[in-house]
Amino acid sequence: MKQSRFLPVFAALVYAFLHVPLLILCAFSFNSSKFTIWEGFSLEWYRAMFNDAQLAEATWNSLVIALVSTFFATIIGTLCAYGLWKRNSKWLSGSLYLSLVTPEIVTGISLLALFQWIFRYWQVQLGMHTVILAHIAFAIAYVLLVVMARLRTAEPALEDAALDLGATEWQAFRLVTLPILKPGIAAAALLAFTVSFDDYVITSLVAGVDSETLPMVLYAMARRGANPVVSAISTVIFLGFGALILLSERMQKNT
Amino acid sequence: MNRLRTLFLAPAAGFTVVLFLIPLSIIIGYSFLTRGVYGGVAGPWTFENYQRLFDPLYGVILWRSVVMSTAATALCLLIAFPLALFIARADARWKNIYLYLVILPFWTSFLVRTYAWMFLLRDSGLINSILLSLKIVHEPLPLLYNETAVVVGLVYGYLPFAVLPLFSNLDRLDKNLLEAAADLGATPWQTIRHIVIPLCAPGLRAAGVLVFIPCLGAYLTPDLLGGGKSIMIGNLIQNQFTTARDWPFGSAISLALMALVMILLMALLRRDGEEAL
Amino acid sequence: METALALTALMKTFPSNRVVDGISLNVPKGCFYSLLGPSGCGKTTILRMIAGFAEPDSGEIILNGRRLNGLRPYERPVTTVFQSYALFPHLTAAQNIAFGLERAGEEPSAIPAKVSRMLELVGLQEKGDRFPASLSGGEKQRTALARALVVEPELLLLDEPLSALDPALRKRVRIELKQLQKRLGITFLFITHDQEEALTLSDQIAVMNKGKIEQIGSPREIYLAPATRFVAGFLGAVNWVDGIGVRPESTHISRQAPANGVRLIEALVETSVFLGDCFHVQTRTNAGVAITAQVDHDEEQYANGDRVHIWWHPRDELPVRE
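Chains as they are written, first to last, in our numbering: chain W, 35 to 289; chain F, 3 to 279; chain A, 433 to 754.
Treat the hints with care, since some could be wrong.
As the list claims (entries may be wrong) - Reference listing, derived: stretches of chain W covered by chain A, where coverage requires no fewer than 3 residues with Cβ under 8 Å from a Cβ of chain A: (1) 194-201; (2) 207-216.
What the hints assert, rightly or not - A few chain W positions that, by computed beta-carbon distances, are all more than 10 Å from chain A: (3) F51; (4) V54; (5) L77; (6) F84; (7) A92; (8) W151; (9) L160.
What the hints assert, rightly or not - Which stretches of chain W does chain F cover? Using the computed rule of at least three CB atoms under 8 Å from a CB of chain F, they are: (10) 93-105; (11) 163-173.
For the record, the hints were derived by calculation from the structure and aren't laboratory data.
Yeah, the Cβ is synthetic: ideal placement off N, Cα and C, and Gly gets one too.
For reference, chain W alone in the conformation it holds in the complex (with noise of 0.2 Å):
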């Protein structure tokens, strides 16, 4: 078919669109000046950034939190994708499922909602807990999300060939299912790390005094106006995540 110079300008003009904003936003936390003008190169902004101790600390509450929730979301998300595999259970996929269409806001004060709730019986306050407790709950939606479209392509008589050949139901999920679902699982993981380190609305409304994240700091900056070590902060995300899913989709080629 006789293609038209069209779609390859329009294509062009969005990819920009999408890429430009952070690039520019990147190339400014290098700009020795404040201003939105250019004044030369400098690191001032990085150094700023690294000796900033409450930025410090966010970042390592963001790390735990992100570590602590991804390594258990995977786990019960996972093994709940298999157990649906084998045999769907509607109110369970269906409420997973609602879960990652519900609004964010929604799903944050329903769970302010319950720990104020639980907290006039129980001597406990909001904290890293919490967020933790949040942060499992909505990553594991999307672990069964990555997970269950990889089973969706595997072949269920495997299993059955194992169970033929003298393993038992738990060892044909070990050796056979496991293995395989190897790489999506990992995609899975990636996955929940990015959404539980970035999220902002629900960890506002269920943290603590104590336990400021990352998103968190960088919004109160963000708020009080322009701030290069924004930018500066951002830049470094932006790289790191960006690395991470270099780092998924070459795990991802390796099937």
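Let chain W serve as the given structure and place chains F and A on it in line with the hints.
What follows is chains F and A alone, placed relative to chain W:
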């Protein structure tokens, strides 16, 4: 065998019930209660919160949210369709790269991407700096803190949600149909209008719903890019649970939003089945 | 002859229909036994019930005196060669074969020897380290066979294992399969819808249709003395004339009326079809009945429109009536 399966499903079921279904039920309950004296909730049971939804003060916000979401969705579809078409027609070895380039920004921080637009649009932002230094304007243009900025932010944020289902639909189109159309004398534009677009209707519906729903429930984008004047439903809810301390009303709004979301989803599932994901 | 597998009155009903309707049969030890029938006749369901992937609604499955009903697949001394081979993609051919031995708790040091012996037996000595993705269709099939046989099952189930192979390969693999079975002496239960396959491979055949068994017998018996019209038609072509059935290869053509002692009918030649090793001449009698006669190369050839005599020996008539 069933024991194993129950064991596998138990943790997820536990989390879903305790940390999703129960909180939702609590919110449903709160929506029928009254605001407590010091915040929180108290009796008596009432429908008042739902009645307040129709108050013009809040009606404006609801209406604005719907309008902005519709605008963002329409723009997303208009932009995503040609892009998806482009990718679907590309050589096999480029397809993945093109898709990857669409998804890549999405997988990095949402906050960062929203901030990027603040950086560009604010009075001291890059666009105004350029315009001012080129003497095209003498005062900074108020590009930020209005509804347009929010819509731009929404489109920027959710464009990949539109591209992926459209691409998936277009990629699966039988190339033979296109060749048959050309064979029978259709121009490329006619082929697109009469064959591609109708066949792509499920993809368009899925893309539309997948963009509209998050737009409707958006919080960060209107909060950072909209300033105080263009708040959406999400901001209203947050406001009720923090500053205004009117949890019952906030709950009622949340449920109204959920109801709208679920209606849209049911409509889509009924029409197109489970391939939406 | 000792019975290895005995199925008694097996029944399995799915919501809409009786998939397996009172199946009873005995498979002798060391026998190459085939279940032959069209798609949907229930043979796959029977296989799954013997392997343990489905339970019969009623009826018994007894293997060497032991009742298998209710046992999980991994508790049954039965293995299966699946139609899709179901080779584990993340394991090499050798590892695939070793899988069953490992599950059985075989001595780890003894496993490699057993695996190589099996690889040799199926002609895959050099391919042990290959992954299924880099094996050809025939090689995959042999790996699946090796994997199922190495654990020395009391019964091997084969679910249309040759259907994914192309015709030339299929004929070769058939012969190897038969030789392998004779050599190992393991009881094979083979299911297929291909009657040529069943006839060449089997010691005994059970012909199935719509959940029921139509006839059990040796290939010769089934082909030459079909018990029902279905069996007659499924195993090969049949000419039905006035309720009598005769196969085309026993149906002869000549210009003059032949000697006495044969059944005779007049017909008009309509067309000749060349089948490679012979001709099938299609004729029509005065009464409008179509009859196909087989004519070899060195016989007289017939042209369309020729008036001929169709004849056959009474001994070639099929015992079953239309």
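Hints, verified against the model:
Counting residues of the segment 194-201 of chain W whose CB falls under 8 Å from any CB of chain A gives 8; the rule of at least 3 is met. With a cut-off of 8 Å between beta carbons, the segment 207-216 of chain W has 4 residues touching chain A; three or more are needed, and the interface restraint holds. Under the 10 Å C-beta cut-off, the non-interface status given to F51(W) relative to chain A holds; the minimum distance is some 41 Å. At the 10 Å boundary, the C-beta of V54(W) stays outside the reach of chain A, the nearest C-beta of that chain being 42 Å off.
Residue placement check: L77(W) keeps its beta carbon more than 10 Å from all beta carbons of chain A (closest about 47 Å). The non-interface label for F84(W) is consistent with chain A: the shortest C-beta to C-beta separation is roughly 44 Å, beyond 10 Å. With a least CB separation of 41 Å from chain A, A92(W) remains clear of the 10 Å interface cut-off, as annotated. The Cβ of W151(W) lies farther than 10 Å from every Cβ of chain A, with a closest approach of about 46 Å, so its non-interface assignment holds.
Annotated as non-interface, L160(W) keeps its C-beta farther than 10 Å from every C-beta of chain A; the closest such distance is 45 Å. For the segment 93-105 of chain W, the proposed coverage by chain F is not satisfied: 0 residues have a C-beta within less than 8 Å of a C-beta in that chain, short of the threshold of three. Only when three residues or more bring their CB closer than 8 Å to a CB of chain F does the claim for the segment 163-173 of chain W stand; here the count is 4, and the claim holds.
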